[in-house]
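Start from the sequences, fold in the hints, and give me the full structure.
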Amino acid sequence: MKRFSTGTLANDSIDLDLAAREIHALLGENGAGKTTLMNVLYGLVTPDAGEIRIDGEPVTIHDPADAIRRGIGMVHQHFMLVPVLTVAENVVLGQEITRSRGVLDMRAAERRIRELADRLGFTVDPGARVDQLSLGQQQRVEILKAIYRGARILVLDEPTAVLTPQETREIFGVLRRLREEGTSIIFISHKLDEALEIADRITVIRRGKVVGTRKPSETNENDLAELMVGRAVSLRVDRGQSHPGDVVLEVAELRALDDRRHEVLRGVDLDVRAGEIVGIAGVGGNGQDELVECIIGLRKPIAGTIRLAGRDITRLGVDARRDLGIAYVPADRQRFGLVLPYRLPDNFVLTRYAEVPYAAGLGGFVRQDRPIRSEAGRLAKEFDVRASSLDVAASTLSGGNQQKVVVAREFRHDLKALIIDQPTRGLDVGSIEFIHTQIIERRNAGVAVLLVSAELDEVLDLSDRVLVMYRGRIVGSFAANEAQREKVGLLMATGEARP
Amino acid sequence: MKAHQALIELWRARLGSTWSVASIPVYSIVLAFAVAVVVVIVSSAFTATGLDILLPFRAYASLLAGAFGSQNAIYNTLVAAAPLMFGGLAVGLGLKAGLFNIGVAGQFLVGAFAAAVTGAAFAQAPTIVGMPLAVLAGALAGAAYGFIPGYLKARTGAHEVVTTIMLNNAAALLLTWAVNDLVRAPGFSFPRTAEIGQSALPILAGRNLHLGILFAVVAIFVIRWILDRTTLGFEIRTVGANPNAARYAGMRPIFITALTMTLSGLLAGLAGAIQILGVIGFYAPGITASVGFDSIAVALLGRSDPIGILFAALLFGAFRAGAPLMQIETSVPIEIIDIIQALVILFLAADLIVRKVFRVRAPKVEITEMATVTGSWGAGTPPAGTAP
Chain X
1 MKRFSTGTLA NDSIDLDLAA REIHALLGEN GAGKTTLMNV LYGLVTPDAG
51 EIRIDGEPVT IHDPADAIRR GIGMVHQHFM LVPVLTVAEN VVLGQEITRS
101 RGVLDMRAAE RRIRELADRL GFTVDPGARV DQLSLGQQQR VEILKAIYRG
151 ARILVLDEPT AVLTPQETRE IFGVLRRLRE EGTSIIFISH KLDEALEIAD
201 RITVIRRGKV VGTRKPSETN ENDLAELMVG RAVSLRVDRG QSHPGDVVLE
251 VAELRALDDR RHEVLRGVDL DVRAGEIVGI AGVGGNGQDE LVECIIGLRK
301 PIAGTIRLAG RDITRLGVDA RRDLGIAYVP ADRQRFGLVL PYRLPDNFVL
351 TRYAEVPYAA GLGGFVRQDR PIRSEAGRLA KEFDVRASSL DVAASTLSGG
401 NQQKVVVARE FRHDLKALII DQPTRGLDVG SIEFIHTQII ERRNAGVAVL
451 LVSAELDEVL DLSDRVLVMY RGRIVGSFAA NEAQREKVGL LMATGEARP
Chain C
1001 MKAHQALIEL WRARLGSTWS VASIPVYSIV LAFAVAVVVV IVSSAFTATG
1051 LDILLPFRAY ASLLAGAFGS QNAIYNTLVA AAPLMFGGLA VGLGLKAGLF
1101 NIGVAGQFLV GAFAAAVTGA AFAQAPTIVG MPLAVLAGAL AGAAYGFIPG
1151 YLKARTGAHE VVTTIMLNNA AALLLTWAVN DLVRAPGFSF PRTAEIGQSA
1201 LPILAGRNLH LGILFAVVAI FVIRWILDRT TLGFEIRTVG ANPNAARYAG
1251 MRPIFITALT MTLSGLLAGL AGAIQILGVI GFYAPGITAS VGFDSIAVAL
1301 LGRSDPIGIL FAALLFGAFR AGAPLMQIET SVPIEIIDII QALVILFLAA
1351 DLIVRKVFRV RAPKVEITEM ATVTGSWGAG TPPAGTAP
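Listed in order, the protein sequences are those of chains X and C. Take the first sequence: its position 220, counted from the start at 1, is 220 in the numbering used here, and no numbers get skipped. So the number in the numbering used here is just where the residue sits in the second sequence, counting from 1, plus 1000.
One thing to keep in mind: the hints can contain errors.
Unchecked claim - Partial selection, computed: residues in chain X whose CB lies under 8 Å from chain C:
no.	residue
1	THR314
2	VAL318
3	ARG335
4	VAL339
5	PRO341
6	TYR353
7	ALA354
Don't read these hints as lab results, they were simulated from the structure. The beta-carbon is built from N, C-alpha and C at its ideal position, and this holds for glycine as well.
Here it is, written out as structure tokens:
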């Protein structure tokens, strides 16, 4: 029996206990304090009050080395692996097996890793370089690393965020095997269905406080969502009927290179009609980002055409395309969507700063404070952006509110096509619900919506048509009613309809 | 009554936010003077007079008197501050766009040379003709010399720190050759350009308070207006703060980068022009290029804000104007000024020390210009063709 209780601002007197051979899911919205709690456990944050007990004994954990010594292993959301090293090298890093005088015995290390992997029921090539592995495989390397270091308590921070459904299922198998072997697991997530599937117990955190602990058999998704958000939320958007009109956005035979000059788009064809949401499903890195960049004008294709309402826009710049009615919600709001040190009004008009009435006089050279502020005020109200004032920097907003600023700015009324990349990445249930509703509203107003998301469920829930992207091509197209999770997932993972 | 109170509140808020930006620079200056006290006391032990605890305070008093003690002192301060205002603006404008223009020294020389040659060519023409032409020539030459690293950065990604350092040397050497072999004025024992005659900037007051000072103050407010109130300024600031977001918003970071460096060079060229046309009167190899490097300090101390640069330039101008009197009256060498300036920059960069000493609890305002300077490798505007 292990017992933790801490008290910081992010964690307000949290009590959590983890039994031996238990998978304990920690559920909460972004900013609820899940990660802080785990950082306390791993020695990255010092608690102001409270104590941690392992096997009944109070312990203090000063740093990660301490945590490892006490048998706590951590798998971070962003993997902490050295890409150019092999699997074996990564696993033994810091605890290398040596023969004598510091000579590495990699063969012994590889043997031990293979044994360990066999025991956990998965295969991994210890000699493979990490940068050649899929994200799912990399995650297994992370788990191996923790177990190799003798972890009896394994903490996984949002482990499924980057995985395909198949990989998720496999990792669940590994976790169950670990549990049988006697490992206790803390599974941090904001995905309700996964917590219900894998956990023996689920603890929900809201604003740094434990608001409830449930057994999966005694609860359901709606109950958990209500606990997380503090009010009833609808988890499935009601998409309603779509009424597709003419083709608005047309991409033909599009080819493009990525930043490393590899051909990453290898002939993409797609079209999106007015009043229709077309979703692109695919494992990250199969060319989705580059496709979107080509459509928006941030990347020059090497071949192919892009048409908007029949007009060839392949050679136009970003601003010219915007003027023609394309809007874009970027995947990375902090890198592309916002200028974090700017106050909200400047961010609300970031992509329209040169338009009348925001710029006027001397040939549109002078910025006009009053229209900018009133537009910012209007959008903040309409999209329920919660900030203490318009004059705070965008960096001070929560992720959900930052995304609302971007969405509010891009979802203007005279749009023809709306390109949305990862609309709800890292957002909590409440914000997701809001943004999904807004997307549907735009569609109903006749906008052609192209949606890219790493969350397969999001694509399936929102899209009227689902396209699957694999290695720079569209390999499948499904109408909403025939896009089953398994079928799409298989196509995402292999590029083929049959294994 | 209500309106009155609201006005007071507004001003209090405004002062508060100004102070949160200005506190670290002000404290850095105080700290630099404090440390320099120790330096002066210790060094006094090695002079004929022997250890003198009060020496630094007498030195500071003379410095103050030399800078502000009389009308002439104040004029001297303003004259020394004017090129630093232009230079500080040049560096500050670049920093706003995420560019670290170390090339002010070179652009200053090129501007000075162009102004000197043009001024000499119109030496006999009325001031109303020759002076504006000479100033314009200096500005354009500086702009052209700033455009080169800007273009290189925009087109090829060549880092402006490297190219401008190289161009500084190229400017100094090329101009030495030019003065020796192309435009050397006859009748002087050393290579220099001819007299500028009527092209000199008119003296407004006293012995040396020339029109260029007015130009510099006007430039402060013009640049402030451009940065704060225009779409161009918004583009420059956005490219500096987040080049990815700038591209996404339909701006052209490549164009803005080249344009900002050109404008920066233009301001540096103006610094050179007013120094020639208002103070020196001719171009000669070896005329002071210290303006180039002091400008970097001025921009950092002013935190790239035009008003901040105005005050920082006045401070550094006061140092320059007051130092000779300090040396005459107290035998503390002028070089102590360089030490104080260096310490100011040191404390700005290591603001943690300042925060510790003065227990500054003001929210940490991101010192973006310092980030540009210290992290200038690989940061800043992405080169052409680099997709996000």
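For each hint, the structure was consulted:
no. : hint   : result
1   : THR314 : violated (16 Å)
2   : VAL318 : holds (4 Å)
3   : ARG335 : holds (5 Å)
4   : VAL339 : holds (5 Å)
5   : PRO341 : holds (6 Å)
6   : TYR353 : holds (5 Å)
7   : ALA354 : holds (5 Å)
Hint check: a violation occurs at hint 1 only; the rest are consistent with the structure.
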